[in-house]
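Enquirer: Below are the chains, spelled out letter by letter.
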Amino acid sequence: MFNHLLSLLIWLPIVGAVPVLLAGSGRPNAARWISLLMAILTFAISLFLIPQYNPDVSGMQLVESHVWIESLNVHYGLGIDGISVALILLTTFVGILVIVGAWEVIQDKPHQYMAAMLVLEGLMIGVFCATDALLFYAFFEAMLIPMFILIGIWGGPRRVYATLKFFIYTFFGSIFMLIGLIYLYLKAGTWDLHALQALPLSLTEQSWLFFAFLIAFAVKVPMVPVHTWLPDAHVEAPTGGSVVLAAVMLKIGGYGFLRFSLPIVPDASHQFAWVVILLSLIAVVYIGYVALVQEDMKKLVAYSSVAHMGFVTLGIFIAFMLVRDQGNTDAARLGMQGAMVQMISHGFVSGAMFSCIGVLYDRLHTRLIKDYGGVINVMPWFGFFYVLFAMANCGLPGTSGFVGEFMVILASFSANPWIALFAAFTLIIGAAYTLWLVKRVLWGEVTNSHVAEMKDINGREWLVLGAFAALTILIGVWPEPLTHLMNISVNQLVQVLAIHKV
Amino acid sequence: MELSSSILLTIALAPLVGCLLAGFFGKQIGRAGAHSVTILGLLISCGLSFYVLYQITAGGAPVYNHNIYTWFEIGKYTASVGFLIDRLTAMMMVVVTFVSLLVHVYTIGYMADDDGYQRFFSYISLFTFSMLMLVMSNNFLQLFFGWEAVGLVSYLLIGFWYKRPTAIFANLKAFIVNRVGDFGFLLGIAAILYFLGTLDYATAFGAAPTLVGKTLTLTQSIHWDAATVICILLFIGAMGKSAQVPLHVWLPDSMEGPTPISALIHAATMVTAGIFMVARMSPLYELSETALSVVLVIGATGALFTGLIGIVQNDIKRVVAYSTLSQLGYMTVALGVSAYAGAVYHLMTHAFFKALLFLGAGSVIIAMHHEQDMRYMGGLRKYMPITWITMWIGALALCGVPFFSGFYSKDSIIDAVHESHRWGSGYAYFCVVIGAFVTATYTFRQMYMTFHGKERFKVVEHHGHHDAHAHDDHHDDHDHHEPGVLHHPPKESPWVVTLPLILLAIPSLLVGLFTVQPMLFGNWFGGAIHVDEANNVLGEIGKEFHGSLAMALQGFTQLPFFLVLAAFIITTYIYLFNPSVADKIKSALKPIWVILDRKYWVDDIYFAIFARGGVKLGRMFWKGGDAAVIDGVLIDGSASLVQRIAAGARRIQSGYLYHYAFAMILGLILLLGGYWLIGQ
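Going down the list, the protein sequences come from chains A and B. Mapped onto our numbering, the consecutive letters of the first sequence carry residue numbers 1 to 502. Mapped onto our numbering, the consecutive letters of the second sequence carry residue numbers 1001 to 1680.
Bear in mind the hints are in silico, worked out from the structure with no lab data behind them. Take the hints with a grain of salt, since some may be wrong.
To be verified - Computed list of lysine-lysine pairs in BS3-like fashion (alpha-carbon distance at most 25 Å, straight line):
#: 1; chain 1: A; residue 1: K370; chain 2: B; residue 2: K1623
#: 2; chain 1: B; residue 1: K1027; chain 2: A; residue 2: K455
#: 3; chain 1: B; residue 1: K1586; chain 2: B; residue 2: K1454
#: 4; chain 1: A; residue 1: K455; chain 2: B; residue 2: K1616
#: 5; chain 1: B; residue 1: K1027; chain 2: B; residue 2: K1163
#: 6; chain 1: B; residue 1: K1163; chain 2: A; residue 2: K370
#: 7; chain 1: B; residue 1: K1616; chain 2: A; residue 2: K370
To be verified - Output of the computed footprint for chain B on chain A, the stretches with three or more beta carbons under 8 Å from beta carbons of chain B:
#: 8; stretch: 63–69
#: 9; stretch: 124–137
#: 10; stretch: 238–245
#: 11; stretch: 290–296
#: 12; stretch: 373–385
#: 13; stretch: 388–398
#: 14; stretch: 479–487
Ideal Cβ placement from N, Cα and C applies to all residues, glycine included.
If we strip away everything but chain A, and leave its shape as in the complex, we get (with noise of 0.2 Å):
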């Protein structure tokens, strides 16, 4: 079985989308458990990485590769290295949980939504897993697709303006990573990535494929300016799909940059990465302000998840300047740590804040913040977790959002003391946006009729918002296990960092 754990990883969800299916509309409860089932399966299954993964050695393990299309010398690889194995652990821990967030809040075609959530999931293993680069891209473009089809039918009024918006922009990107892609096997004959990390390049060619590749994870991550996507999308996303969009997706974007850009472009990834860094300096200045004057709460944290995705690219482009410029590994090592960290973090802390406020939606029908006010006089427990994640999404310590800013800002200052002031002005402008949501939304006596009767969470609700809060706290009090499982991958790719191709 360990021989294919992975290949078990991406396709049972998959193939368990099938009897859900066929349980039809007729037998709703029957989707809901055997999807319930599937997604535990899964979870259960990928728990198996811990023991498998061996932290202390470098490079890709649990290795399963077949030839796939030999005239293209395409493979069908896969592997994982530290990372992977915590986005994976990510996206079926947050597969569970979407399935029972959606469990009688979707009533129309409730099989049909379950199945994509689990091939969704199954998706999205296979991207953290691919070896070779056209099974990435192909992981990488059908993951659209359940998307489109879970905001196409089960999404909001504007629907179809913000699927169309979503697939064309990720569509568009990842055509240049496509070309950029091309090139590369047609200078190397090869799609493995790990001998693309080998294959030199001009300079001149390094930097047509770092924008290639920049159009592509920018869009996904999203970086601005090309992140206006994403507000749209949660808006008209049901609450599993903006859940599953922000706490896994995204992070897609990020591990791109991981597995493409560093390795393969390493020099042109060195000379732009002032382009990066200023994007995401951007991310959190511009988009804290914008996020500070919405007026739809989904809105509202899908601008703070791209001001927090900000601190993703900048770990990540941070360490170029700290190894090339200063040869400060160490400092490199705790940026990309960092981004990694606020990888895993957002993904909770964003998907607890989107379950949240799909508790509200489901009882309101509303994502007004000026529909809501004193909240927390007839929801008391979810005033809790609502404070609770609040401040997670301002990063306090003590919680998973404080962590990664953290080693992030403390990098950048060695980085550039410039660079850290411009980040840590998320601990004002994010405490601002967040804390006068929670504000509007949850203090205050009962604005309203509708508000006076919202009934507390219940026990499938409190699941959801208590397994985020425990990840929340746990990894804010004790980072330590996930930054060691990830330590040896972050140091082989700050390793990578310094080998100049030109």
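With chain A's structure known, arrange chain B on it following the hints.
Expert: The following block gives chain B in isolation, referenced to the frame of chain A:
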């Protein structure tokens, strides 16, 4: 005997356990259960803290400095959770747990009618845990954890009565202003990691001398001294937490919270965290004269100018709040002249007498059925003698009357400033001396307006309306009734309220007399505080110290005492004998009164620039940047461009055969022509 980790962990975690039990199982264990478990936790914590203090001072226990667990380990950087227990820590632990314990007991009486009883106990225990983590830390990471965690609890407690619009405004404001400080603080920690390569106190202090000569490159021509940058950045954190000018604006508003937390958090402990931090970082601060001068000037400004505002306040709690701002200024001044021990010593005495004054004010507020305006009080002394006497003890300690604890700490600070030659010390001396007069003025005014003179409230008995009246007692509804009208006469508060007052009055009166010699002049703090010989102003005044009695007797001949006396005479005349003078002075000095009443317009300016300005900027970015440029031009623009091109291209497919034939001929001509051209 050597201290064990298990004792220290128990001290820190016992309040946390209490917090979790009271918070999560509040319904199950009930009110009595909630206060019992939290008070038990505090008793354990406080008892063991006294034990630790004893072991450290008399029991010969060596300084404890060990990590409990590793938080992360990346390359050469490690972050841990651990404890550093030396005399400074031990003293802080005792102060924190002792005041917290008394506040817990007091809360039983103060919050008796409140619906959020269990929640309140849970919060104050959580606060105690956070504060202990802050003071016991042996590294910058945990310091920052405690630093922000106390900020969180402060946020929750200021907004405890979350239905009040003013409370939820105040807590948001407090958190954000504190975050401005934390912004600097975090950058300071980053600078330490950059220059010293560690987050551990001992290692950082050990390596501190290597900072000399290092600079931080800001631009190609601007290089700043490393120690100065670190110290000023860290001090920005202290400015937020310890409410120093210009980040002081949140503290007066924090009075929206229930009175017990004003005593615990916003007077005795949390707001002094900045003072403690700077004292802890003394090995770093000693490296930068510039940073210390900044500290000195900011502290002095706060000491005088926020105190002045206290004179025009009519809310009994706000007077004490401005007094706290002013006293924090004194502590900061002491830090600024390298009299760290003096600052921490004043921190300790202030914790006792200021907690006493706040809790006393709370006792008055209970008696007045949650009326806080002193204009409706007066003559309360005969109704509540214990509150009256204990508050006078606190008031005299605050004024620095000889023999009271505040005298020893405050006069030493004034002397230390006098002794110092640091840049800014002249200005600071002026501020702290005038400040002594100001302190006495607002304190005596408060005492007279509250306890003495004519009763300015009416008692209108409402028999047979017990239900309605019980309803009136609810804090949330306190502002509905007519001001100055009570439904039954004020009476002394129950023992759970008065006992803490008495227990705080004792140290407010005596602690200075017995501890000034060792703690201030006897190098009691040992290695915990580092002062360069050249800056050792306390050592200089210590040479003229001949015992605490002699110091107090000499205090009667000093300038600060005369100023207090002057204030006493003036306020006594005005408020006991001729109250109309107050109004005359007010109208004569109208412009000054307006300036003070408007708090120098600082709040208004901040609100206009940062709050309104921030929202405006956000709108501009959102509508102008995201909506107009990115979506409007780039995204939807390119979509409509595609549409227009497609609409144009569609016209070509007209379906007429002759159109296509014409196009083919044209294409052929172009193709052949092209070949021909290339062929040339």
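Enquirer: Determine for every hint whether it applies to the structure shown.
Expert: Comparing the hints with the structure gives:
1. Restraint check for K370(A) and K1623(B): satisfied, since their Cα atoms lie roughly 19 Å apart, inside the 25 Å limit.
2. Proposed proximity of K1027(B) and K455(A) is supported: the alpha carbons are some 18 Å apart, at most 25 Å.
3. Our distance criterion of 25 Å between C-alpha atoms is met by K1586(B) and K1454(B), whose separation comes to about 20 Å.
4. Only pairs whose Cα atoms come within 25 Å are accepted, and K455(A) paired with K1616(B) is rejected, the gap being roughly 36 Å.
5. At most 25 Å may separate the alpha-carbon atoms for a hinted pair to count; K1027(B) and K1163(B) meet this at roughly 21 Å.
6. For the hint pairing K1163(B) with K370(A), the CA-to-CA distance comes to about 16 Å; that is within 25 Å, so the pair holds.
7. Straight-line distance between C-alpha atoms of K1616(B) and K370(A) comes to about 18 Å, which keeps the hinted pair within the 25 Å bound.
8. Requiring three or more residues with a Cβ within less than 8 Å of a Cβ of chain B, the coverage given for the stretch 63–69 of chain A is violated, as only 0 such residues are present.
9. For a cut-off of 8 Å, the count of residues in the stretch 124–137 of chain A with a CB near a CB of chain B stands at 0, and the three-residue condition is violated.
10. Counting residues of the stretch 238–245 of chain A whose C-beta sits closer than 8 Å to any C-beta of chain B gives 0, which falls short of three, so the coverage hint is violated.
11. For the stretch 290–296 of chain A, the stated coverage by chain B is satisfied: 5 residues place a CB nearer than 8 Å to a CB of that chain, which reaches the threshold of 3.
12. Only when three residues or more bring their CB closer than 8 Å to a CB of chain B does the claim for the stretch 373–385 of chain A stand; here the count is 3, and the claim holds.
13. Note: the stretch 388–398 of chain A has 5 residues with beta-carbon separation from chain B under 8 Å; the three-residue rule is met and the coverage holds.
14. Here the stretch 479–487 of chain A counts 5 residues with a CB under 8 Å from a CB of chain B, which clears the bar of 3, and the coverage holds.
Of the hints listed earlier, those the structure fails to meet are numbers 4, 8, 9, 10, in rising order.
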